[in-house]
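Residue numbers (the working numbering), protein chains in the order written: chain A, 1 to 894; chain B, 1001 to 1110.
Warning: the hint list may mix true and false statements.
Stated by the list, open to error - Straight-line C-alpha distance at most 25 Å; calculated SDA-like pairs for lysine to any residue:
#: 1; chain 1: A; residue 1: LYS71; chain 2: A; residue 2: PRO139
#: 2; chain 1: B; residue 1: LYS1075; chain 2: A; residue 2: TYR574
#: 3; chain 1: A; residue 1: LYS71; chain 2: B; residue 2: VAL1106
#: 4; chain 1: A; residue 1: LYS84; chain 2: B; residue 2: GLU1064
To be verified - A partial selection of chain B residues facing chain A, derived with a Cβ cut-off under 8 Å:
#: 5; residue: TYR1029
#: 6; residue: THR1039
#: 7; residue: GLU1040
#: 8; residue: GLY1041
#: 9; residue: ALA1042
#: 10; residue: GLU1046
#: 11; residue: HIS1055
#: 12; residue: ALA1076
#: 13; residue: GLU1095
#: 14; residue: ARG1097
#: 15; residue: ARG1098
Hints in this document: simulated from the structure, not taken from any laboratory.
Keep in mind that this is a model prediction, so the values were computed, not measured.
All C-beta atoms in this analysis are idealised placements derived from N, C-alpha and C, irrespective of residue type, glycine included.
Next come the chains, spelled out residue by residue.
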Amino acid sequence: MSSDRPHRPHGTRPLFRFPWLSRRQVSADVDEELRLHIQQTAQELREQGWPAGEARLEAERRFGDLEFTRKFCRDEDLRREGEKRRMTILDELKQDLRYALRALRASPGFTATALLTLALGIGANTAIFSVVRGVLLDPLPFPQADRVVRLWNVDRALGIDRGWVSEPDFIDWRARSKLAESMGGYFFADGQLGLDLTGKGNPERISAALVTDGFFQALGTRALLGRTFVSDEHVPGRDRVVVLSHGLWTRRFGSDPSLVNKTLTLNGQPFVVVGIMPPGFTYPADQSLDAWIPVSFFGPDAIGRSRGSRFLSVVARMKPGVNETQLRAEVAGIAARLVREYTDNPGWDDASSLSIRDSILGEVRRPLVVLMVAVAMLLLIACANVASLLLARATGRQRELAVRAALGAGRGRIARQLLTENLTLATLGGLLGIGLGLVAVRAIAAAGASELPRAGDIRIDGVVLAFTLAVSIVSGLLFGLAPTARASGGNLEVSLRSGGRGTVGGAGQRMRSALVVAEVALAVMLVVGAGLATKSFARLLSVKPGFEPSNALVVVTGVPSRYPTAEGRANFYYAILDAIRRVPGVQAAGSIRDLPMQGNGEMNGVTLPGQAVLPGHELTVQRQHISTDYFKALGTPLRAGRTFEMTDREGAPLVVVVNDELAKRFWPAESAVGKTLLIGTTPIQVIGVVGDVRQRGLAEAVEPTMYVHVLQNFRIRMSIVVRTAGDPLTYANAVRQAIWSVDPNQTITSITTLDSVLGHAVSRPRLLAWLMALFGAIGLTLGALGIFGVLAYAVNQRRQEIGVRVALGATPRSVLSLVVGNGMLLAGIGVALGLIGAALVTKSMQTVLYDIRPTDPVTFAEVVVVLLGASLLASWLPARRALAIDPVTALRYD
Amino acid sequence: MARESLGLVQGTVDVLILKTLTWAPMHGYGIAQWIRQRTEGALAVEDAALYQALHRLERKGWVESEWGVSDTNRKAKFYHITRDGRKQLAADVAELRRYVAALFKVLQPA
């Protein structure tokens, strides 16, 4: 006997068959073994004549150090069991992995299809998750941000829920609130408030926010270097101080740490740099901001300080334990008391609030949630598709698995092997998905760089990779669930006997059919979402902006602060315009304070003479400050009357041009030209009517607007529209030179085209529409592929049956309708379920859609047609193959 | 650990056990009996050392064990030698031969 096979002496039977032993078992085994040995020795001693009582003691004595041996053996065994366990798991895993890779290589068509499908699903999820994480999930750059809220003044009668706050009101809010730990106000309008930074290097117009005392304290962010403002520095005379952003500090000053306490020249005045903020802190700007200065720097002559002069946005940090509702109620109470105490401020007796997170991310959250739902559906479709492929493959592999089972692989072992195979597939798909995701994230970040708050935070890092890995594993488990359950739970003897043909119909086919129905249903939901988003975007694009966007250059600049007199400022303003007008090829040039899509002008209460209206309850209209030729340059039609001439200047009668909307509101039946408006008690004559311009944005309604001539009501900000003969960008340099010919130090904030201003305004809906369309197309393709795969497989499995039918005289028509009917039945059920699902799900898209209802019946109908069409195509191709079956070969085949 | 430093003795116990198991799978008591009988009592392995050696050898993968029931219908743990055990035995025996030969060269008068 020299075999090393595990075996037992003849006639024995195994008592233990666990693959490895527990700690207690090991211990008990050793005790038992040694006990049995001593028992046997004692018995032998008794047989040799030892007295029963002493035999046992002698046996123990002869044994040697029993306790040490017991411990020694136990330790050795435990160590052995541990090693064995590790080796077994590792070995089997290695074996499974090798086997899985071999199996995947053996069917390259299946593997490629499955991997591509998974890569699309996982890649889309990776991309959207990294955007969501960067934009929505990363903590805001404020400590305990959940205690920070925005506050607004509310006038119910005017219907203004989020009004700005005047400085005297704000000071009273801050002083009287007991629930706020600190409260700050700021004035900031993106791209509109600039300071001229001069001195070393090129003159530059930097963006700045004006802040009150309490602003930095309410947000809670500390300076990276130096400090933020102290209360003392918000007093006129001591307020020539500035806090710089990390961005400006690195860009302009090369991260020079000695900049703190040095002096910069802003708007021609010396400012001491008191601190540098940490990277990522750009509040209240979305993307980038250069500096913060005390609002007191602009005196009452520049910014009104009466209770009616509302310009401050308010942030507050609540005391611990206080909630938003309590603070809002307290501030509303204060506002109501202020209205009673000061009669010059009627109406604004309430307050509203929003958490800082919602105020920053509220607008982008919904589209991102929509996209997240879309990619989750895409992944589910991908999983259903792969599951369906696996099921088809599993039927073919039943014999292989049965053989393995017959050779001694346990049911669990086979399930584990299939699981390994699926997870390998999922992981490989995930790797490819990361690649796709990387490309997609770059594209999204580039497309959304200007439109998403915190777009700079979008990146693929460890957390995103961990997410992708988790998604891959979950997908692997998901798509492997049904096939594995079937393969390891099936009756193996039956599959062995069936000769490897697998069973026709039966549970496998039913499961695949269910998967196809689910896939089609999900695809319907996805395509409905895509249809709604693209239609909404198309409708947004078809909105007439009220101007001619092509062939126009836009230059944003401003009159510098070194012109102290009104006359000097006006001269400079028109000198710039005239210089541009002289550029060859320029057809017209005009200027406005805020370009359409880029600013909302100033709001004014307006009444008609003879109308009795309570003060503060006038019709609110937009007031825009423009130059001559503005409408000509913009391409907005003059409906009646005239536009401004250089003679409409200070001293001449006050005149305005109004838009159609305003004319319609006040004089629905007659011409507005020559009529008089009242601002307060000042009468103003309407000299012309122009077409409506979408000032606030394409999706926003046109407001009644009046345009005033800058020579009668001056504003330093200039957004110059230059109408050109050809491609506007080719004029950019000549226009820049023209401006510098007036003043070589003039800072130009930006030069772009009117087209891109318009494009910028729709870039977020465009991104949403593109992504949804992309995901919808992928979902549709995958869904159609799913139908095709299942039917093609079924035709292949049923070739004998079809052969018999043909042999028995079935017409091609009946064979065709058999297969196509089968496919269309599944598609029909899927479409029906999908429509119900879509009706429920697309409700959440309400706020991201323009001019289309989430349950738009036309879109739903179109999707039904598209889905059924794709299903028909996907069923027709396998049906053609069924037609080609030759009954003779089909019957001989087996 | 004094018992671990038995050196030659411990190595010898291992060789004896492995050699014994090449005849048949046996339980600990049986191995002790077998060695005593084969050497006619000249070599007696202490029980404690025997069991420590068995468990050590099992951890190294040279023997494997299994509970069973003996011919006399007693429950016992049976050990058998593995393929690795046989290799080890061959190597040990060769080593031991060289050792003993060297020893005798010194001990035998020239």
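Hints and how they fare:
1. A/LYS71 - A/PRO139: The hint is violated at about 55 Å.
2. B/LYS1075 - A/TYR574: Between B/LYS1075 and A/TYR574 the Cα gap is close to 112 Å, so the pair fails against 25 Å, i.e. violated.
3. A/LYS71 - B/VAL1106: Distance of about 40 Å is beyond 25 Å: violated.
4. A/LYS84 - B/GLU1064: Cα-Cα ~12 Å, so holds.
5. TYR1029: 5 Å, holds
6. THR1039: Status violated, d = 17 Å.
7. GLU1040: Since chain A brings no Cβ nearer than about 18 Å to B/GLU1040, farther than 8 Å, the hint is violated.
8. GLY1041: Since the shortest Cβ distance to chain A is 14 Å, the answer is violated.
9. ALA1042: 17 Å, violated
10. GLU1046: Where the cut-off is 8 Å and the nearest Cβ of chain A is about 5 Å from B/GLU1046, the hint holds.
11. HIS1055: 4 Å, holds
12. ALA1076: 6 Å, holds
13. GLU1095: 21 Å, violated
14. ARG1097: Violated, about 21 Å.
15. ARG1098: Status violated, d = 25 Å.
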